[in-house]
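Protein chains in written order, with full-length UniProt numbering: chain R, 1 to 493; chain Z, 1 to 112; chain V, 1 to 806.
No wet-lab data here; the hints were simulated from the structure.
Be careful, since some hints might not be right.
Stated by the list, open to error - No more than 20 Å apart at the CA atoms, straight line, and that leaves these computed lysine to aspartate or glutamate pairs for EDC-like:
| hint | chain 1 | residue 1 | chain 2 | residue 2 |
| --- | --- | --- | --- | --- |
| 1 | V | K462 | V | D372 |
| 2 | V | K460 | V | D298 |
| 3 | R | K154 | Z | D96 |
| 4 | V | K711 | V | D597 |
| 5 | R | K24 | R | E105 |
| 6 | R | K423 | V | D158 |
| 7 | Z | K99 | V | D653 |
| 8 | V | K585 | V | D597 |
| 9 | R | K356 | V | D573 |
| 10 | V | K797 | R | E101 |
| 11 | V | K797 | Z | D96 |
| 12 | V | K711 | Z | D104 |
| 13 | V | K553 | V | D298 |
| 14 | R | K24 | R | E103 |
| 15 | R | K423 | V | D573 |
| 16 | V | K105 | V | D365 |
| 17 | R | K153 | R | E101 |
| 18 | R | K153 | Z | D96 |
| 19 | V | K159 | R | E357 |
| 20 | V | K462 | V | D365 |
| 21 | V | K455 | V | D298 |
| 22 | V | K711 | Z | D102 |
| 23 | V | K297 | V | D372 |
| 24 | R | K154 | Z | D102 |
| 25 | V | K455 | V | D372 |
| 26 | V | K159 | V | D365 |
| 27 | R | K24 | R | E101 |
| 28 | R | K356 | R | E432 |
| 29 | V | K553 | V | D372 |
| 30 | V | K797 | R | E105 |
| 31 | V | K455 | V | E472 |
| 32 | V | K585 | V | D573 |
| 33 | V | K159 | R | E432 |
| 34 | R | K356 | V | D158 |
| 35 | V | K297 | V | D365 |
| 36 | V | K797 | R | E103 |
| 37 | R | K154 | Z | D104 |
| 38 | R | K153 | Z | D102 |
| 39 | V | K159 | V | D372 |
| 40 | R | K153 | Z | D104 |
As the structure is a computational prediction, the values presented were derived from the model and not from experiment.
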Amino acid sequence: MNNIVILPIVIPFLTGALLVLFPKYVMIQRLLSVLSFLAVMGTAVHLLQQVGGEGIQILNLGGWEAPFGIVLVADTFSLLLVITSCIVALGCLIYSFQSIEWERERFYYYAFIQFLITGVNGSFLTGDIFNLFVFFEVMLLASYVLLSLGGLKKQLRAGIMYVLINIVSSMLFIVAVAYLYAVTGTLNMAHLSVRVAEAGQPDLLTAIALLFLVIFAVKSALLFFYWLPESYSAPPTAISALFAGLLTKVGVYAIFRMFTLIFYHEPGITHSVIAWMAGLTMILGSIGAVAYGNIQKVLAYNIVIAIGFIVIGIAVFQEAALTGAIYYLIHDMVVKTLLFLLGGAMVGLVGTYQLKEMSGMIRNHPYLGWMFFIASFALVGVPPLSGFFGKLLVLQGTLETQFYVLGVIGLLSSLAVLYSTMKIFMNGFWGENQLSKEDEKTSTHGLLLPCTLLICVSLFLGIGVEWVNPYVAAAASDLMNPAVYIEAVLGPA
Amino acid sequence: MEILMSITVGVLFMVATYLMLSRSIFRIVMGLVIISHGAHLLILTMGGLQNGMPPLLGQEAANYTDPLPQALILTAIVISFGLTAFVLVLAYRTYDAHKTDDLDQLRGTSDE
Amino acid sequence: MTFLHWAIISPFLLAILIPFFYRYIPKIHTGWFVFILPLALFGYFMQQMLQTTSQGGVVEASAPWVPSLQIFYTVYLDGLSILFALLITGIGALVVLYSIYYLDKKKEALNNFYVYLLMFMGAMLGVIISDNMIVLYVFWELTSLSSALLISYWFQRDKSIYGAQKSMLITVFGGFAMLGGFAILYSITGTFSIQETIASADLVMASNLFIPAMILVLLGAFTKSAQFPFHIWLPDAMEAPTPVSAYLHSATMVKAGLYLVARFTPVFAGVPEWFWIVSGVGLFTLFWGSLSAVRQKDLKGILAFSTISQLGLIMSLLGVGSASLYFNDGVENALYHAAIMTAIFHLINHATFKGSLFMAIGIIDHETGTRDINRLGGLMTIMPVTFTITLIGAASMAGIPPFNGFISKEMFFTGMLEAMEISAWNMQTFGILFPVIAWVASIFTFLYCLILFFKTFTGKFKPENFDKHVHEAPIGMLISPIILVVLVIVFGLFPNLLAYSLIEPAMQSILPGVMTGGERFYVDIYLWHGFELELFMTMGVIALGTLLFIYMKKWSSLAIYKKESDILNPLYDGSLSALVTGSQKITRAQITGRLRDYLAYMSIFIVLLLAYTMFRYDAFSMPTENISPIPGYMWVLVLLFILTTVVVPFINDRMAVIIIVGALGFLVAIFFVAFRAPDLALTQFLIETVVVVLFLLAFKHLPNLKKERTKPRIQVTNAIISVGVGVMVTLIGLSSYAFRQENGLESISQYFIDNSYELAAGENMVNVILVDFRGLDTILEVLVLAIAALGVITLIKLRMTGREDV
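Pulled out of the complex, with its shape left as it was, chain R reads as follows (with noise of 0.2 Å):
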């Protein structure tokens, strides 16, 4: 029982709280902001090397034990992905400093990203079926707020289409916890899973399984991505970026983790299901980026191509596939966040999206633009950057397993995100330089810091890639053997 683990909920949540009480003091809003970020940093940092030590690290809340109470899991796969978040998040969030307008920073801005964080941290931490689903509202409400801060009239258009299907979702999920619930009679995770194997996952728990894969799958834009590209051009840059690294990565988790934990007994069915939506997800996606020349459309498709591609880790349940998606999955929230912001400095400089508009920016934003190369070919998964060993590795996975139609699919989206995002660096910073110094709508001052920040990140997760590979690796092997997990929650058999 260890008490760190409520930490990175807590923390966000106190500090949302406390932010609220005075939201015109703009530069105590910010300080307290990046605190609590890098204090929810340093404890996951903490209950990494804890768990590297002693293993699965639970708590027990109320002192109820599992399945009675509701217990937070804090393993290796949850760890990563609550530092990754931070990360991402202290990147947005030094970001919005120099861009978000005062209006937006007075009204509670910085309490509903603290919000947010609390929701995304405690849907990596539960270990509760139903506590999930509450996380999960925390997360999204906070995210329909921030959709929509402002008010503008696209912001409205957008968010109605992106509340509304995602209440569906979620109402959905309450009727899949329902079904559950009636088969099992249990609410813990763990529990859930024991349970599945005693009753042997017949074909009604298989539909059950369905639907909730479905349900996160909407989600996480796996295959039902269309309110993806309209909604993450809405919002100001640092908000979109965050949701571009964040939200949809939640979905991915969960995916990851019921079909790890609990519904992992009919791999024919219900594994073939999410490979077909993997294949089609990247060929959809790829066909999205090619299509437009409108920056924020393409980028926002290229999530989709990853979001489709780390399924496949999933898709395929084999370890080294899955070690490989967690390495894709850390790096796209990184790379994805970061290619985000610099095309919202773009953006911000040209006054438009439409790439046909832009060009020549590298005359007098080099370190942009250079910035912009990079990232982009970190993303394609050009060797040393960080995309590459993901990517190995699925690859390699989809060979041993004779997948062979998805490692195509994914190398083939490999190069669509290639010419999708050199479309948008040559038309952006070649060519004729058509914008003078004067004409610039905003400058880049403060903005290229915290893309610094992110590219310095994604450099180390690729070239250091040696430093990251055991949490990595003891990650994936952790959720290929559910017993482990089982066994730290529910105590030995």
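Following the hints, complete the assembly by docking chains Z and V onto the known chain R.
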């Protein structure tokens, strides 16, 4: 009784889905309210509608209704309420800003 | 990390310093700082060659990078790699020297140029010296990248950007394919080390993934070395400054594909697929390239296609030579060794004459301002040194004695003639094609060499065609091509200088195990072979080529001559734009922007998926045990409830809808009462009241409800979907309930019933669960309410009027 309630819940979902596939935001919000009722009733049904006593220990009965679904429903009611309130205001603001309730007219411009 | 490891990294390190040299020491051309490095490295590699590899030795060392993934930074310097290393550093030094005079230090952004160039040099060295396939891939992609950056060096020009994009797409695509091939090899052998893979070649050959792996690796090689049909990026790459063309696109980068083929010959060769694909593609490229070169009007264009053609020549020789791995013993074998030997020899020769020709063309371009053969002419007297250089280079390329090109051309013919004699792989039928294609292609080669030379230097000099005052180049620019041309002559007159120092060790790497126990290949190259068939073939080439040239006016009005661009280019451009347009169409079709469509997709998917699963596996069931009875009043309640619900979609008055929906909520509360849930009923009453009040408050602002204006077809679809959803929910619900009753899994709530009072001191179990057992849920639901409240405040109060359209 469970069979009857399951059918009822099915009807709720059917009507709610029909409403949510509508073009008018107002109808969609109504659909959301109905679907949340459906979800809540479903949880209750799944827990079993036994004819035991209400879950109050003071009653000292032989068997009680399952308290856990009831607690879950309470949480779900509150969350749905929060969502409903927010969506309602969002819908009102959207109508206010765009002067239309029709989702087809609110379609985003397709940028190329 | 040994010295060799650092040697490969050194160009990258120098590249970091270059911007500082450029910024702070502008008086000295930055190129001088760069020049020292390749020169030094060349010296180092020469020393390694003389000491180690020419004796058959190998330099090998390994440093860990990601050991857990089997990725080691292993360097392996043998005959094959030292050959390339010398080419890279030697020609690199010459190119840098040339660039110092070519690129004006005031006008050009030299820091970028040299950074990219150094990056390339280091990456290229990395490719050829790495033993680990993944590290090789890293450097391979770096060469693609740096090449693209160099092509787009003058990035304001649209053509440069186009050329860079094309080269990047094609070569990176090839890189991915190669990576796939490497991954397959790894899955068979368990190692990324090339040498270890060679040792396990039998394992590879026996696997059923052998052919896919081979094709993927070959894709990588063919794209990088501009083989048909991937050659289209090379002509567009000529947008780069000429030093780049001389370095990357003739002497080094494009040879990387040849290196790959050579290096992996021991793994894949000896099978008919390899033989036919490699030789076939090579021969066709040879032919296609030479034919296309004739059509070019731009001097650099001629050289580009010529390079493509010559690379095809070397590729076809590597293909033919692979036969020696099939016929492991016997006299036949020695003939195929010769093919490999020729391949290596020509690789060296091509670097010398093509490099010199590119530099010469660059001089002409630099001094006259044009590369168009229709405008050039009569430069013989004005630029005598350049004239001589071009004469020697072109003569060697055309295959005229006594230059090195002549020798390798003769040996090439020999190789093709021998190929005819292969007693396997259907060569009896098709073998005749080899020498025939080779011969025809050589005629065209001869022809374009004549065009190149005579059109530029002979004929009338028309000064009005040029913007500048034309004169000979400064001595600095001439040194490098002169050195290369000297090598052309030397290798022609004394070819055996290379025999055992470079060529033989390289052959050992390509055909390991053929020569057992320290034996060496017999390598003897000489000028005069006697009056053999090859000599007659050459004479035929010269005769026909000259004839074609003399009658050039006759056929130069043919349509096929007028067009310059490769036929495949429209295919590339067309497919790329079709891809984009097609994508747009598909995207627009499914992303309709309508929420209804998205919800419909989702619902249909869920209903169908779940229905399929349930039906297929017969999972439906009806609960029969443990069902509570239905008292009479419940029937009434339920009926009332269902009626109320069903009415809602048909109401068109908003007030009425609000009231009805409110009533629905109150009915739910009554259900809660009936089902023994007093707390729920209380809460529901409360909340429903608040909701109705909220709706009424907003009543003023809500729009009038109109009748649904959707098309009946859509309404019917909606109805069907809704029914489907409703039915599925009910059926699965029933089945779930039935399941537990049949299996009797005890719910965890028994614990709550047992312990609420003892452990939690509460009699109301539901409250105890909310507050104690599952307290976290409750705190969070409060948080949700708080966020919702704040959200509502924000929505109402904060109405920004920002840039609406952006």
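message = So, against the hints stated earlier in the document, which numbers end up violated here?
response = none
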